[in-house]
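Protein sequence lines, in the order shown, are assigned to chains W and C.
Counting from 1, position 36 in the first sequence corresponds to residue 36 in the working numbering; the numbering is continuous, with no gaps.
Counting from 1, position 189 in the second sequence corresponds to residue 1189 in the working numbering; the numbering is continuous, with no gaps.
Think of the hints as simulated: they come from the structure by calculation, not from any bench.
All figures in this text were calculated on a predicted structure; none of them were measured in a lab.
Note that beta-carbon positions come from the ideal geometry of N, C-alpha and C, so glycine has one too.
Heads up, a few of these hints could be off.
Pair ranges (Cβ atoms, derived) [what the hints assert, rightly or not]:
| # | chain 1 | residue 1 | chain 2 | residue 2 | range |
| --- | --- | --- | --- | --- | --- |
| 1 | C | Asn1330 | W | Lys55 | 30 to 38 Å |
| 2 | W | Ala131 | C | Pro1226 | 26 to 34 Å |
| 3 | W | Ala131 | C | Asp1180 | 35 to 43 Å |
| 4 | W | Ala239 | C | Glu1357 | 33 to 41 Å |
| 5 | W | Asn330 | C | Arg1020 | 24 to 32 Å |
| 6 | C | Asp1153 | W | Asn330 | 45 to 53 Å |
| 7 | C | Arg1020 | W | Arg20 | 19 to 27 Å |
| 8 | W | Lys3 | C | Leu1267 | 41 to 49 Å |
| 9 | C | Asn1330 | W | Pro133 | 51 to 59 Å |
Cross-link-like lysine-lysine pairs, in silico, DSBU-like; alpha carbons within 30 Å at most [unchecked claim]:
| # | chain 1 | residue 1 | chain 2 | residue 2 |
| --- | --- | --- | --- | --- |
| 10 | C | Lys1222 | C | Lys1055 |
| 11 | C | Lys1055 | W | Lys224 |
| 12 | W | Lys3 | C | Lys1003 |
| 13 | C | Lys1055 | W | Lys3 |
| 14 | W | Lys55 | C | Lys1055 |
| 15 | W | Lys3 | W | Lys125 |
2 protein chains.
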Amino acid sequence: MQKPPQRLLMGPGPSSVEPRVLAAMSQPTLGHLDPAFLAMMDSIASMLRQAFRTKNPLTLTISGTGTAGMEAAVTNIVEPSDRVVVCVAGYFGARIADMVRRVGGDPILVEVPWGRPVPPDDIEKVLASTAGPIKAVALVHAETSTGIMQPLDDAIRLAHARDALVIVDAVTSLGGIPLDVDGAGGGEGIDVCYSGSQKCLGGPPGLAPITVGPRAHAALRKRKNPPVSFALDLRLLEAYWGPERTYHHTAPSNSYYGLAEALELLLAEGLESRFARHRATHERLALGAAGLGLDFLAEPEHRLPVLNALRIPDGVDEKGVRARLLAEHNIEIGGGLGPLAGQIWRVGLMGGSAREENVARLLTALRIILGAGRMSRPTRPS
Amino acid sequence: MQKPPQRLLMGPGPSSVEPRVLAAMSQPTLGHLDPAFLAMMDSIASMLRQAFRTKNPLTLTISGTGTAGMEAAVTNIVEPSDRVVVCVAGYFGARIADMVRRVGGDPILVEVPWGRPVPPDDIEKVLASTAGPIKAVALVHAETSTGIMQPLDDAIRLAHARDALVIVDAVTSLGGIPLDVDGAGGGEGIDVCYSGSQKCLGGPPGLAPITVGPRAHAALRKRKNPPVSFALDLRLLEAYWGPERTYHHTAPSNSYYGLAEALELLLAEGLESRFARHRATHERLALGAAGLGLDFLAEPEHRLPVLNALRIPDGVDEKGVRARLLAEHNIEIGGGLGPLAGQIWRVGLMGGSAREENVARLLTALRIILGAGRMSRPTRPS
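Work out the full structure: start from the sequences and follow the hints.
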C-alpha cells in the first residue's frame, strides 16, 4: 500500500489523530470474546460514561461510523407510525428525519434556515399543535453542516413535559464543548445520545459511542417488535457488553484500541481543559479570519468553536482554494453541504487538530493563497 | 492503554493479522474525500473484484462488520412482504432469516440439522411448492457455526429458473476456498455476495466487502421505497464509491489501509496458492486431530478447510480446555454456538493463521492439555 500523505485535518472530521492513538491501532488483533478484550470493552464503557457525563449502564460504542450511531438511535427508539419531532437546522437534522421516515416513523419537522439554531419557542409550538403521543424529540447539538451550537436545556424540558424522549446527536460536540447527558435540562437528562470517534474525541474514524438513559431503556423493553436492524439492535448489544457476553458481532478490536487510547488522552487532559483548548483555538481562528476579511456564517453566540463556518468572499474560487490548501500545504478543510455548497468553508478545530499552531499554519496558508490577488472563479479546475 | 496479549487466533475469526497489515493501520488518518483516499478506495474496489472474481462495477466495502455486510444484502434486496427462501444449516443461516423478518420480508426456511449442507433437492422442493414470486434465495457458502461448505451451483440455477436473486454469505469463504461470483452456477453468477475483512482475507476486523451483480442492481433501482437503512443503502454507497463521490459517511480510513494491505498480500500470493495453503493446513490439522482421537462434526466431503468443527471427546471440560489454551499457550479457538454449544470446538485456519507451524503449535498444546488424563468435566470453572 502506498503511504498516505500526512495531512493536517481541519475539515468537518476526521480530525488529526495523535501518534499514540495511531500506534495503538497496530497492536495485535484480539478476538471479540477474549477476556483481555472484554476487559478493554469495560474500560471503554467506563471512560465513555465520564466523557458523556452519565451513569447510564447502557453506554457502549457501536461498531460503525457516526452515521451508524445516528441510525442506532433512530432504529431502536422509533417504531412504525411513531411521531418524532425533528429539529432541522442543517444537513444532519435532515438526515435524522430521513432515517425516521425509513423505519416507518412520522417525522414532524421544526425547520429554521441553515445558520441558526432552532429556538425553543418553535419546538414548543410544534409540540403544542401536534395531537396524540410524540415518541421523541431529536436535536443536533453541534450541526456540522453549519457550525451552529443548538441549546438543549429548554428543548429537553419541553419534550419531557410532553412525555417524549430526547435524542441528541453529539457527533461533533462530545469531548469538544460542554455536554452533560445526565445533567442537561436541569437534571432531567438526555435519553439517547450518540457521537463519533473521529471528531473531538480524537479517535480513529469508524466507531460511534452511544448512551441510553432509563426512560429510553424502558422504551426499548416495551417495543412491540425488534428494531429493523439486527446489527444495531441495542438490546443485543447490551447482552454483548453486559455480563452475559452473548456473541453478536466481531468487534473491530484494533479500532477499539484506538478509541481506548484516545479516551485515555481525553481524560488525562480533563474535560474542562479540553473544552478550554477548543475554545481558545477557535478564538485564535476568529481573530485570524477577521484579519483576512473572512466572516462567520453564524452570530457569535451560536458559533460552535469546534466547527467554524466561514463565508467565502466574493469572487473567490472556493474549490480551488481547498485544492491548493491540500496540494501545497497538506491541509484539509471542508466545503459547504446542500444549500451552503459554494457559500462556506468549514474549518474543524477538533481533538488533535485543535491547537493554536495548526490555526497559525492554516492562516498562513490562506494568506498566501488568498493574498495573491484573491483566486477568482474559475481560474482553476476543481 | 494496556498492551493486548499476542494471541494466535485460531477461532472462528478474526484470524491473526500479518504485521504488515497491522502496521498499515497506524498510518496517518485521511479524510473521506481526500483525493489520496479516493484513489485508495478505487484500488480496494479493483482488488475486491479480483478476490470475488467478478466484473461487477458495484463492488465496495461496507464500513461495518460482517454482520453489517449481511444486513446490507438483506436490507437492500428485501422489500416488505417479499418472499425469501433462506437455507438454514447453522447459526448464520438463521441470522439471515431473522434479518429478513425484521425488514418485513417473509423468510421461507429450508432447514437441515446442523452439520450438513442443504441439498439442492430440498431447495428445489421448496421453490416448487411456494406460490407466487420469490425475491431471493439466500445461502451461506461457509457456515462458520458448523464448519460446513455449502455447494452453490445447483442452487443458483434453481433460483434463477424461478426468477429469484441469489444472495451468498461468503464471510468465512472469500480468500480461503474457491469462490467465483461471476462464474458460479455455470456462469449464471451470484447476484449479491458479501464477506468480512477479518477471516480468510486476513485484514483487520470491521469491514465487509460486498459485490452486487446486474440482476440485483436492477432490483435496487426498482425498489418502491428506499431501504430501511440509510447507513447501508447501496445506492447511496454507490454514489460515494462512484465518480460522483457524494458524501455519505466518514469512512474509517485506517481500517481501509489495513484491508488494502491485506488484499495486496492476497493477490501477491495468488488466489489459487492461497486456497492450496488453506487446504494443506487443514489436512495437517485433520491428521493431527485423528492422532488425538478427535473426530470432525462433518463428513469429509462437506468439511470447510478454513473452519474445522471438532467433536468434544466424552468427559472433556471443553471450556476448561479453551481457557487453558488461551491462558497457558496464547491460542484462541472457538466453542460451539446454539445447539452445538458444548459439543464442538471450532478451529479456524484462515488468512495469516492458516500455516502449518500454527497447527503444530495448537496440536502440541492440545496434547499437553488433553494428554494429562483428559480434563474431565467439571474440574475447572469456566
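Hints and how they fare:
1. For asparagine 1330 of chain C and lysine 55 of chain W, the hinted distance range of 30 to 38 Å is satisfied, since their beta carbons lie about 36 Å from each other.
2. Our hint of 26 to 34 Å for alanine 131 of chain W and proline 1226 of chain C holds, since their Cβ atoms are close to 28 Å apart.
3. Checked against the given bound of 35 to 43 Å, the beta carbons of alanine 131 of chain W and aspartate 1180 of chain C, roughly 58 Å apart, lie outside it.
4. The hinted window of 33 to 41 Å between alanine 239 of chain W and glutamate 1357 of chain C holds, with their beta carbons roughly 37 Å apart.
5. Separation of asparagine 330 of chain W from arginine 1020 of chain C is about 25 Å and conforms to the stated range, judged on CB atoms against 24 to 32 Å.
6. With their beta carbons about 51 Å apart, aspartate 1153 of chain C and asparagine 330 of chain W fall inside the hinted range of 45 to 53 Å.
7. Taking the beta carbon of each, arginine 1020 of chain C and arginine 20 of chain W are about 21 Å apart, inside 19 to 27 Å as hinted.
8. A C-beta distance of roughly 19 Å is found between lysine 3 of chain W and leucine 1267 of chain C, which places it outside the suggested range of 41 to 49 Å.
9. Between asparagine 1330 of chain C and proline 133 of chain W the Cβ separation comes to about 54 Å, which falls inside the hinted range of 51 to 59 Å.
10. Taking the CA atoms of lysine 1222 of chain C and lysine 1055 of chain C, the gap is near 22 Å; set against the 30 Å cutoff, the hint holds.
11. Taking the CA atoms of lysine 1055 of chain C and lysine 224 of chain W, the gap is about 43 Å. The hint is violated against a cut of 30 Å.
12. Between lysine 3 of chain W and lysine 1003 of chain C the CA atoms are separated by roughly 25 Å; this keeps the pair inside 30 Å, and the hint holds.
13. Simply put, lysine 1055 of chain C and lysine 3 of chain W have alpha-carbon atoms about 27 Å apart, close enough for the 30 Å limit, and the pair holds.
14. For the hint pairing lysine 55 of chain W with lysine 1055 of chain C, the CA-to-CA distance comes to about 51 Å; that exceeds 30 Å, so the pair is violated.
15. A threshold of 30 Å between alpha carbons decides the hint, and for lysine 3 of chain W with lysine 125 of chain W the separation of about 54 Å lies outside it, so the pair is violated.
Hint violations for this structure: numbers 3, 8, 11, 14, 15, all remaining hints satisfied.
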